[in-house]
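These protein sequences, in sequence, are chains U and A.
Just so we're aligned: 157 in the working numbering is position 157 of the first sequence, and the numbers increase by one with no gaps anywhere.
Just so we're aligned: 5 in the working numbering is position 5 of the second sequence, and the numbers increase by one with no gaps anywhere.
In case anyone wonders, no lab produced these hints; they're calculated from the structure.
Here the structure is a predicted model, which means the values were calculated and not measured.
Pairs of lysine-lysine residues, derived as BS3-like cross-links and limited to a Cα-Cα distance of at most 25 Å, are as follows:
hint, chain 1, residue 1, chain 2, residue 2
1, A, Lys95, U, Lys34
2, U, Lys45, U, Lys34
3, A, Lys19, A, Lys9
4, A, Lys9, A, Lys144
5, U, Lys45, A, Lys95
6, A, Lys19, A, Lys144
Pulled from the structure, derived: some chain A residues nowhere near chain U, Cβ distances all over 12 Å:
hint, residue
7, Ala15
8, Gly22
9, Asp42
10, His108
11, Glu111
12, Gly113
13, Gly122
14, Ala127
15, Leu146
According to the in silico footprint, chain U covers these stretches of chain A (three or more CB under 8 Å from chain U):
hint, region
16, 49-60
17, 79-87
18, 185-192
Positions of the beta carbon are idealized from the N, C-alpha and C atoms, including for glycine.
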Amino acid sequence: MAARKKESWPADIFRALQQADVRQVVYVPDAGHKWLIDRCERDNKIRAVPLTSEVEGAAVLAGAWLGGERGVLLMQSSGVGNCINMMSIIQECRFPLLTLVTMRGDWGEFNPWQIPMGQAVEPVLEAAGVIVHRVDEAARIGETVAAATYMAFDAMQSVAVVIGQRVVGFKQWGK
Amino acid sequence: MARRRIVLKRRNVVARILKDRGDALLITGLGSPTWDAAAAGDDAANFYLWGGMGGAALIGLGLAMAQPRRNVVVITGDGEFLMGLGALATIAVQKPRNLSIVVIDNQHYGETGMQESATEHGVDLAAMARGAGFENADTVYTAKELEAAVPGLYAARGPSLVAVKVILESLPIVLPPRDGPDLKMRFREVVLGDGTTG
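This is chain U alone, in the form it adopts within the complex:
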């Protein structure tokens, strides 16, 4: 990872999730979420649930809400495309949905195979009825996630916080 300082934004996200009493953190691993996933796995109030595909996430979180728990889906941009039909459960039933998407194919991307889905993330989410909060400044990520928890769990909306590759950092050839 180049262009990446030690940032506190993953810890800011964790605090926002704790404050919202999020109990189920479902994820497909992404390097951008590595710190957050590790932190959630160590927390005894949070259940960190690895998924085989992001498509599982909306379904697990719908079940969590039926049972009275709040959850969040962590994924990379490439996972967004895997989720779309399952979002119909969220939209039709007005389940809350909070997802935090770390971007690839977005800024300084070296791998051309990441670019088609990366470029499609925002229009695809919006077409599926998900409100998109894009954030490209590390300092604003915590407050954006906190705001998204209110819109998701109090206003019953589906909200994606899309964290730009400018923040996450980009891989370079040979590194």
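Keeping the supplied structure of chain U fixed, place chain A upon it in accordance with the hints.
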């Protein structure tokens, strides 16, 4: 291995399973299992899926993790379950003891013209569940085997999967309520009590 004869009827199977449900929470997969559960009698503790193919078992997982003291039963079809096979791994890793999955397996896609599903060609869902690490996984062919399997669905010894082989039938569709917010709210009231919001 010679194939065993299929004799069970899906509506009887679902009614038999639900007779002993007590306060178990029920998720049904889209299509025939939703009609089967409605035919057995509507209940506010039923959450019927009318879409989201491949998601039924995973909704059961999220619910079972949120409500570890309640039995959660998912009744779905072979086509719906085949679309979300990754759920076997995801569920096995979490080991929810209170989650049971029943696959009503007629080996065909009943809502779309009775095309053969993979189970018609020998794909063994119970074996896949065992391979994933489910505590209990069986295939049921007879009324006697069904009787033997039902108590295990409510024994909190899961995760469990029972594939019940049923004959091909064209049955009258019995429609349960289909408004998503209503289904969600009445279900949450059962689980969380009156006054719940969202």
